[in-house]
Every structure is written in structure tokens, then in C-alpha cells.
Amino acid sequence: MNPETLRYSEQHEYAGVEGNTATCGITDYAQGSLGDITFVELPDVGKELKKGEEACAIESAKAASSVYAPVSGKIVAVNEALEDDPAPVNDDPYGDGWIFKIEMADASEAEQLMDAAAYDAIEKE
Amino acid sequence: MTYPMISRLYKTATGSVVSFERSLEIGRAGRYAPYSPKMDTRVQHRHMNTTPLNEWHRQHGGRLVDFAGWELPVQYEGILAEHTHCREACAIFDTSHMGQFLITGPNAAEQLAAAITQDASGLGVGRGTYGFILNDGGGIIDDTILFCLGEAEFLLIVNAGTTAGDLAVLEDRLNNGTNLRYLGDWSKLDVQGPEACEVLSPLVDGDLTALKYFGVTRMKVQDTEAVVARTGYTGELGFEVFLPGKALPDLADAVVADERVKPAGLGARDSLRLEIGYPLYGHELSTEVTPVEAGMEVFLDLQRDFVGVETLRKQAEDPTPRTLVGLLTEQRRRFAEGDTILAADGEEVGQVTSGTFAPSLGVAAGMGYVDREATATGTPVIIRTARAELPATVAERPLYKDGTARSKLT
Numbered sequence: 001m002n003p004e005t006l007r008y009s010e011q012h013e014y015a016g017v018e019g020n021t022a023t024c025g026i027t028d029y030a031q032g033s034l035g036d037i038t039f040v041e042l043p044d045v046g047k048e049l050k051k052g053e054e055a056c057a058i059e060s061a062k063a064a065s066s067v068y069a070p071v072s073g074k075i076v077a078v079n080e081a082l083e084d085d086p087a088p089v090n091d092d093p094y095g096d097g098w099i100f101k102i103e104m105a106d107a108s109e110a111e112q113l114m115d116a117a118a119y120d121a122i123e124k125e
Numbered sequence: 126m127t128y129p130m131i132s133r134l135y136k137t138a139t140g141s142v143v144s145f146e147r148s149l150e151i152g153r154a155g156r157y158a159p160y161s162p163k164m165d166t167r168v169q170h171r172h173m174n175t176t177p178l179n180e181w182h183r184q185h186g187g188r189l190v191d192f193a194g195w196e197l198p199v200q201y202e203g204i205l206a207e208h209t210h211c212r213e214a215c216a217i218f219d220t221s222h223m224g225q226f227l228i229t230g231p232n233a234a235e236q237l238a239a240a241i242t243q244d245a246s247g248l249g250v251g252r253g254t255y256g257f258i259l260n261d262g263g264g265i266i267d268d269t270i271l272f273c274l275g276e277a278e279f280l281l282i283v284n285a286g287t288t289a290g291d292l293a294v295l296e297d298r299l300n301n302g303t304n305l306r307y308l309g310d311w312s313k314l315d316v317q318g319p320e321a322c323e324v325l326s327p328l329v330d331g332d333l334t335a336l337k338y339f340g341v342t343r344m345k346v347q348d349t350e351a352v353v354a355r356t357g358y359t360g361e362l363g364f365e366v367f368l369p370g371k372a373l374p375d376l377a378d379a380v381v382a383d384e385r386v387k388p389a390g391l392g393a394r395d396s397l398r399l400e401i402g403y404p405l406y407g408h409e410l411s412t413e414v415t416p417v418e419a420g421m422e423v424f425l426d427l428q429r430d431f432v433g434v435e436t437l438r439k440q441a442e443d444p445t446p447r448t449l450v451g452l453l454t455e456q457r458r459r460f461a462e463g464d465t466i467l468a469a470d471g472e473e474v475g476q477v478t479s480g481t482f483a484p485s486l487g488v489a490a491g492m493g494y495v496d497r498e499a500t501a502t503g504t505p506v507i508i509r510t511a512r513a514e515l516p517a518t519v520a521e522r523p524l525y526k527d528g529t530a531r532s533k534l535t
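Going line by line, the protein sequences match chains V and L.
Counting from 1, position 107 in the first sequence corresponds to residue 107 in my numbering; the numbering is continuous, with no gaps.
Counting from 1, position 61 in the second sequence corresponds to residue 186 in my numbering; the numbering is continuous, with no gaps.
Simulated from the structure, these hints should not be mistaken for lab results.
Treat the hints with caution; some may be incorrect.
So the derived list for chain L, only partly shown, Cβ under 10 Å to chain V, looks like this [what the hints assert, rightly or not]: (1) Val190; (2) Phe192; (3) Gln200; (4) Gly203; (5) Ala206; (6) Ser246; (7) Gly247; (8) Gly251; (9) Pro369; (10) Gly370; (11) Ala393; (12) Arg398; (13) Thr445; (14) Arg447; (15) Leu453; (16) Thr465.
Incomplete in silico selection of chain L near chain V, CB under 7 Å [to be verified]: (17) Leu205; (18) Arg531; (19) Leu534.
Ideal Cβ placement from N, Cα and C applies to all residues, glycine included.
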């Protein structure tokens with residue numbers, strides 16, 4: 001259920017690495033725990049973040065949560081479609097529900113994130 | 126018409142002594158099985174009251190949380206879907222946590238009329254009315270609905286978290302042959318939505334279409350003696366069914382067997398009430414505010430004498446500096462209780478009491494207390510949240526105007 005092509009953080013973000021860019025969002029487990037997403041606060045393009053720093057926030061019908069940068073780098077794109085309709089974060093977290101793209105400062109950070117098998121294991125704890 | 130269950134309950138009461146079946150502390154306390162996903166923010170309590178539907182909620186996928194010491198579902202499939210289903214079809218809510226008091230006796234009407242804001246003497250059999258239990262200074266101890274079941278028989282519905290305090294206050298104010306009983310064995314199911322009448326009708330032996338808004342009557346629900354009122358907390362057409370707790374699971378099963386019905390949790394209940402602008406005790410209402418400040422004059426008869434009325438009369442003549450208003454934004458980011466309300470020039474004019482994403486409006490909405498100069502509908506304000514300053518306007522309640530609650534039944 002968690003794609004093997006992605007990497008996962010302990011804070012339940014994922015990173016899909018293509019070249020030097022990581023496409024990031026929240027995991028299926030995270031969206032399920034938060035419930036219906038009602039608002040996504042997108043980060044500013046150009047913002048520099050260190051791994052683990054808060055990138056933005058999301059609100060659900062019953063909770064609000066921070067989204068942390070799973071890798072260090074610069075925000076180069078955000079999913080503006082979520083401003084009017086955040087439902088893809090619930091319905092398709094690994095596809096149309098992506099939130100931001102980071103140009104990685106250090107590609108080795110992505111390697112240190114969990115693979116799908118390791119993430120599946122902590123999710124079941 | 127006789128009503129064996131309630132008759133049996135108050136026949137066991139003696140004289141002016143107030144009694145109730147068991148301690149509120151113990152209440153309907155039951156087994157507690159924790160649900161604790163890592164991202165959940167629930168508080169764990171050692172002694173959690175449970176309703177007769179506790180197992181039923183688990184079986185139907187309810188995510189159980191602590192609400193005023195009661196273990197209740199915040200949602201089943203999802204808050205937005207449940208909210209929308211209630212507006213468009215029919216949803217049921219387990220509201221058995223709410224306190225039910227039966228007040229009987231030849232002087233019950235007169236004594237109640239002096240004890241709370243509702244005019245029990247003028248209510249009329251088969252009618253209900255919204256009002257308040259006030260302290261001497263007019264502060265709101267609780268908001269309640271009073272139903273008149275018979276000339277000498279009243280049902281008072283109160284909030285869960287305030288039930289024990291209400292009981293103490295009412296014990297103090299009612300006397301001389303009036304019996305006050307906490308119906309700890311009774312439960313409540315709210316059946317709400319435009320389809321509610323058609324859904325519930327096959328399960329009852331009375332004519333629901335004869336029940337007007339805030340009407341109440343006794344009828345059999347699945348062969349159990351019950352009380353059915355045309356009331357609710359959603360703004361939609363709906364009924365509240367009061368019945369012995371042991372009959373509740375069968376009723377819930379029968380209602381959801383109708384494919385038009387979905388169970389809904391506290392999350393949807395909150396967003397539904399907020400869109401209508403109904404206050405929630407502990408948020409909009411508390412002992413720190415009066416019903417006049419809360420904009421509830423329409424529910425008050427200040428000609429009558431009841432505990433707290435003097436303050437209300439003064440406030441009605443000399444308006445208080447603040448009052449409760451609806452708040453509407455044009456975007457999705459929500460604001461929350463405690464956020465500051467600023468005038469357009471940046472001056473602080475009030476504070477938010479409730480806020481949420483309003484699913485039927487598609488924007489964030491809520492309520493708050495503001496200074497009198499900022500209460501006109503359409504007044505632009507800014508709501509300062511922890512992360513943003515949101516442009517908003519003061520809006521007339523109900524914020525959502527297409528509710529079916531008052532629709533005519535044929």
C-alpha cells in the first residue's frame with residue numbers, strides 16, 4: 001500500500017526522489033489518522049528548509065498538524081490545486097495529493113529515510 | 126394516555142425528597158478499551174461513562190473519544206461525509222450522554238417557572254422550549270430544553286458536563302412535593318435530516334407528521350414506551366427519541382438498516398450546529414455570560430420572575446459592552462476558540478468562541494463575542510489566529526440558511 005519507490009519519515013511524510021528533486025506529501029497513514037483534510041497551507045516557493053523543519057500545516061475536520069520537510073533544500077514547487085480542493089490529500093496522497101517539491105541540498109538525506117518495508121513496520125506498531 | 130416507564134420512576138420517589146437512581150460519578154460507566162493511534166490527541170480517563178451504544182459504535186467503525194467524561198464517537202467514516210449526509214438525507218447521533226430530568230408534582234410548573242427561564246406554566250402539554258438555568262447574577266449555569274409531557278410532568282434536557290451541577294441547583298430550587306429524578310437509565314437518539322420523518326415513521330406507533338417544531342409526544346418506538354420530540358441540534362428536520370437505554374441498540378440497528386441513514390459523530394454534530402449558529406455550553410455559554418449577552422433575548426420573557434432576571438432586565442435597558450455574533454470568512458483556513466477578533470483598523474474588538482471549516486458553506490466560519498460597535502451584520506473584521514490574520518465579516522445567524530428544521534410535514 002505504501003509505494004516502494006518512495007521514502008518515508010518518522011513524522012509520516014514521504015519523499016519521491018527524481019534526480020535532485022523530492023516530491024513530498026503526507027502518507028496514507030497520516031491522512032487516515034487526520035481524517036478529512038479541509039485546508040492545506042502551502043509553503044512559499046523559494047523557502048529554504050532543513051530536514052525536520054516545519055514546511056507548512058494542514059487542517060482536518062478534527063485536527064491540525066504540521067508538515068515537516070523530510071529532506072533539506074529549497075521549495076521549488078507547491079501543489080496550488082490543493083488551495084481550492086484539498087481532498088486529493090485524502091483520496092490520492094501519493095499522487096495528486098502531493099504538497100511541495102524540494103530541490104535537495106544533500107541527496108544522501110533521502111537515502112537515510114525509511115523504505116516502504118521499514119515504514120510499514122513502524123506504522124503497525 | 127398512561128406512560129408506564131415514567132410513571133413507575135416517579136411513583137418510587139417520596140414527598141419532597143429528590144432522588145435519582147445512581148451516582149452520576151458512576152453513571153453508566155463501563156468497560157474502557159483504548160483506541161490510540163499515534164496521531165490521535167484524545168485524553169485518556171480512568172473512569173469513562175459509556176452509553177448503551179458503546180459496542181455498537183465500535184462495531185460501526187466509530188473513533189471513540191472523551192467528551193465531557195463520556196466515551197463517544199467523534200466520527201465513523203468521516204466528518205465531512207457525515208455532515209453532508211445529515212444535510213441531504215438522514216444521520217443518527219447517540220446523545221445519551223445528555224442529562225434527562227423528570228420533574229413532576231402538582232406545583233412542578235410553578236416552581237420550574239421560577240427556577241429557570243422557561244415558562245413551564247404557560248408551555249402547554251406537548252410543547253418544548255429552549256432556555257437557561259441561571260445563577261443569581263444572570264450567568265448561565267446551563268442551556269436546556271424543557272418539554273411539557275403533562276400538566277404536572279416535565280422533561281428537562283441538559284448538557285452532559287453540567288448534569289451534576291444542574292441537579293444540585295434544581296434540588297435547591299424545587300421543593301414542596303415536587304419530584305426531581307435524574308433518568309440515568311434513559312438514553313437519546315437524534316434522527317436528523319430531510320428524510321428523518323420517513324425514516325422514523327415505520328418504527329413508531331404515532332403520527333410524526335402531526336408533530337410541529339418543538340412539539341413532543343409519547344409514542345411507542347419499536348414497542349417500547351418512549352418520548353419523541355421534533356427538535357435537534359443540526360438545523361435540519363429531525364427528531365430526538367428519548368427511551369430506556371436497553372432499547373437503544375435495537376433502535377439504532379433498525380434506523381441504520383434504512384439505506385438513507387448513516388451514523389454520525391460529535392465532529393459532524395459540532396460543524397452542523399456551528400453552521401446554524403447554535404451555542405455550545407462551555408464555548409459560547411458559561412456562568413461568565415448572560416443570555417442577553419449571548420443574543421438570546423428571543424428566548425426570554427423578562428416580565429416573568431425567575432432566578433437571575435434582575436440582571437437581564439438591567440442589561441436589556443442598558444446594553445452590555447459585548448454580544449455574541451456569527452463570523453464568516455471567504456477561505457478554508459479555520460480559526461478557533463480564543464483567537465482574537467480585530468476591527469478593520471487593527472483594534473481588538475473581541476474573541477472567538479467556536480470556529481471550524483463549515484462543510485456546507487465551503488469556508489471557515491464560527492462565532493465570537495465582540496464589542497457592540499462591531500456587531501452590525503457585514504462589519505469587516507480580522508481574526509488573528511496562531512498562524513495567520515484572516516479577513517472575516519460579522520454575519521447573521523444562521524450562517525447556513527437552507528436548513529429544513531422548520532419545514533412543514535404532510
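A quick look at each hint next to the structure:
1. Val190: holds, 9 Å
2. Phe192: violated, 12 Å
3. Gln200: For Gln200 of chain L, the interface hint holds, since the closest Cβ of chain V sits about 6 Å away, which is under 10 Å.
4. Gly203: holds, 5 Å
5. Ala206: holds, 7 Å
6. Ser246: violated, 43 Å
7. Gly247: violated, 41 Å
8. Gly251: Constraint on Gly251 of chain L not satisfied, violated at 37 Å.
9. Pro369: violated, 32 Å
10. Gly370: Cβ of Gly370 of chain L sits 27 Å from chain V, so the hint is violated.
11. Ala393: holds, 8 Å
12. Arg398: Violated - the Cβ of Arg398 of chain L stays beyond 10 Å from chain V, reaching only about 14 Å at its closest.
13. Thr445: violated, 33 Å
14. Arg447: violated, 27 Å
15. Leu453: Since the shortest Cβ distance to chain V is 15 Å, the answer is violated.
16. Thr465: violated, 18 Å
17. Leu205: holds, 4 Å
18. Arg531: For Arg531 of chain L, the interface hint is violated, since the closest Cβ of chain V sits about 27 Å away, which is over 7 Å.
19. Leu534: Violated. Min distance 31 Å.
Comparing the model with each numbered hint stated earlier shows that hints 2, 6, 7, 8, 9, 10, 12, 13, 14, 15, 16, 18, 19 do not hold.
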